[in-house]
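In order, the protein sequence lines correspond to chains A and B. So in this note's numbering, spot 3 of the first sequence is number 3, and the numbers just go up one at a time. Here this note's numbering = 1-based position in the second sequence + 342.
Source of the hints: derived by calculation from the structure; they are not laboratory data. Treat the hints with caution; some may be incorrect.
Not everything, but these chain A residues come out facing chain B in the computed CB check (under 8 Å) [unchecked claim]:
id, residue
1, I63
2, R67
3, A69
4, L102
5, F105
6, R109
7, T111
8, R113
9, A177
10, F258
11, A260
12, M266
13, L272
The beta carbon of each residue, even a glycine, is placed where N, CA and C say it ideally should be.
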Amino acid sequence: MKGITTRLQAALVAIVLGLGIGLAAAPATAPEALAQAPAAPPAASEQMLFNYLQGDVRGRVTIPDQRAAMLIQPAGRDFQTFWRSTMKWIGGIAIGGMLAVLVIFYLVRGTIRISAGPSGRTIQRFNGLERFAHWLTASTFIVLGITGLNITFGRELLLPILGPDAFTAWSELGKIAHNFLSFPFTLGIALMLVIWIKDNLPSRVDAQWFAQGGGLVGSAHPPARKFNAGQKIIFWSVVLGGAAIAVTGYIMMFPFQFWATDIHGMQLAIQLHGMIALVLIAIILAHIYIGSLGMEGAFAAMGSGRVDLNWAKEHHSLWVDEMMSGGRDAAAPSGARSVGAD
Amino acid sequence: MARMKFLCDADRCIECNACVTACKNEHEVPWGINRRRVVTINDGKPGERSISMACMHCTDAPCAAVCPVDCFYTTADGVVLHSKDLCIGCGYCFYACPFGAPQYPRLGNFGSRGKMDKCTYCAGGPEADSTPAEYAKYGSNRLAEGKLPLCAEMCSTKALLAGDGDIIAQIYAERVTTRGYGSGAWGWRTAYKDMVAG
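In isolation and in its complexed conformation, chain A is listed as follows (with noise of 0.2 Å):
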């Protein structure tokens, strides 16, 4: 408090000091000043002020809105920048990169098959709650994606065609739905964090296939259990990124009542919300291609939530070993006969 005081104290001095000599300087409008202007250069004025005005400006207001008191915050122009152009350019860099990068590695790569061919018989890979866990995050994702790029990207590509009212009309929707459905997805991220944690955590595996190229480049299908590398790898994206999303829009949408109690709080937490969710869209188009279109029986794992074995085999060597030898290992029920070939 008493920095920003003595700050305030210093600025004023220099203000008084170097901004009136700096109008009164003004040739265009006060030719006349010149001659009476003290002795300081107003060049050195200028930059003088022009250094205090880069912090913000506050004082006492006699309404009960105290935020506003602050009479000048310069870090909106910040702000504006940000928006206008480093967020787009993020966006569009991450996304389109992203789109790009698939684009290529499915005409080079195609989909990827199962070399042995499908068994025909299947295993089980995930329960229902895995699922429900799953698609409850995906589905809300998808709508908090949708409609987050609307407003980052709507007004360039979307309003030119909608025209004005409609674009309004459907951005106002899509607000509505980007509030509410953060719940959800919010209860999806805590649900895939409890459940999938201890599948996760980083192992001696995980080396083998980072060093093998995750099997995206060659053939090799490097070993691994439940989740190889790259799917840790978007667990921790979707878990770390998701909370992130989360705490910043919650922030967004509790103004000034949590930790940004400030506008530079509030910039920040908005700042912080837009990059990382664009980050982990990109993220998520490469999740969404590989467990569907680019690889042959990935998407039952969510889907049915069977897998083929051969499948199961080449991408989950490990995983499969633990499933059969813990069938095997199980003791049999007492009074358990065996009943056929099996």
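Given the structure of chain A, go ahead and fit chain B onto it with the hints provided.
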């Protein structure tokens, strides 16, 4: 055309808040919304100054730049106005505005804000000039009647100046020259990227 600006001579402002009252009355601004306010810096200390602040109608306005639905427009007089029909109340303009000008009636859930309201430079909105529809959303349109904003017009010490930027800057520069001091045109560098010449 003129380039309309506000300039508050902080060495004349006596914090009487008449500009605030005039604005609220002229436009029937609802409770909790202040299109104009008076901020006192260094309150009770040497160098105390009061500044009346509202929308500065910036050059390259930050609010207009960050608006996701592009609801702002700048008139031929350099006044920054917006359409309440297009505003979705996202609040981004408040974070971008260096002067805290955008105001929101608090409505609905999750701190949602309702249509943004701000100083119109007494120039109404996109509706036809001086119509009841325009008055209900934006207040009166004095500019269409050839009058300047009421806050500045009824300032008792003529601290708050409104009008063409070159003219009010010249008036201010003459005052500074005559009395030998001045604390500057508050906010002009941030609003107009132009401090000295006005």
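Checklist entry - Measuring from the C-beta of R67(A) to each C-beta in chain B, is the shortest one below 8 Å? => result 7 Å, holds
Next on the checklist: Quick check on the hint: R113(A) CB to chain B CB, less than 8 Å?
Outcome noted: 44 Å, violated
Item to check | When the least beta-carbon distance from L272(A) to chain B is tested against 8 Å, hint result | outcome: 13 Å, violated
Next on the checklist: Quick check on the hint: A69(A) CB to chain B CB, less than 8 Å?
Outcome noted: 6 Å, holds
Next on the checklist: Using the nearest Cβ pair, does A260(A) come within less than 8 Å of chain B?
Outcome noted: Check failed: Cβ of A260(A) comes no nearer than 10 Å to chain B, outside 8 Å.
Checklist entry - Per the CB criterion, is R109(A) less than 8 Å away from chain B? => result For R109(A), the interface hint is violated, since the closest Cβ of chain B sits about 38 Å away, which is over 8 Å.
Next on the checklist: Quick check on F105(A) please, does its C-beta sit within 8 Å of some C-beta on chain B?
Outcome noted: Violated. Min distance 33 Å.
Next on the checklist: Next item in the hint list is F258(A). Is there a CB on chain B closer than 8 Å to its CB?
Outcome noted: 11 Å, violated
Checklist entry - Is the hint on I63(A) kept, meaning its closest Cβ partner in chain B is under 8 Å away? => result 6 Å, holds
Checklist entry - With a cut-off of 8 Å, does the beta carbon of A177(A) approach a beta carbon of chain B closely enough for the hint to hold? => result 12 Å, violated
Item to check | chain B contact restraint on L102(A) - CB to CB distance below 8 Å | outcome: Where the cut-off is 8 Å and the nearest Cβ of chain B is about 27 Å from L102(A), the hint is violated.
Next on the checklist: Quick check on M266(A) please, does its C-beta sit within 8 Å of some C-beta on chain B?
Outcome noted: 6 Å, holds
Against the hints set out earlier in the document, violations occur for numbers 4, 5, 6, 7, 8, 9, 10, 11, 13.
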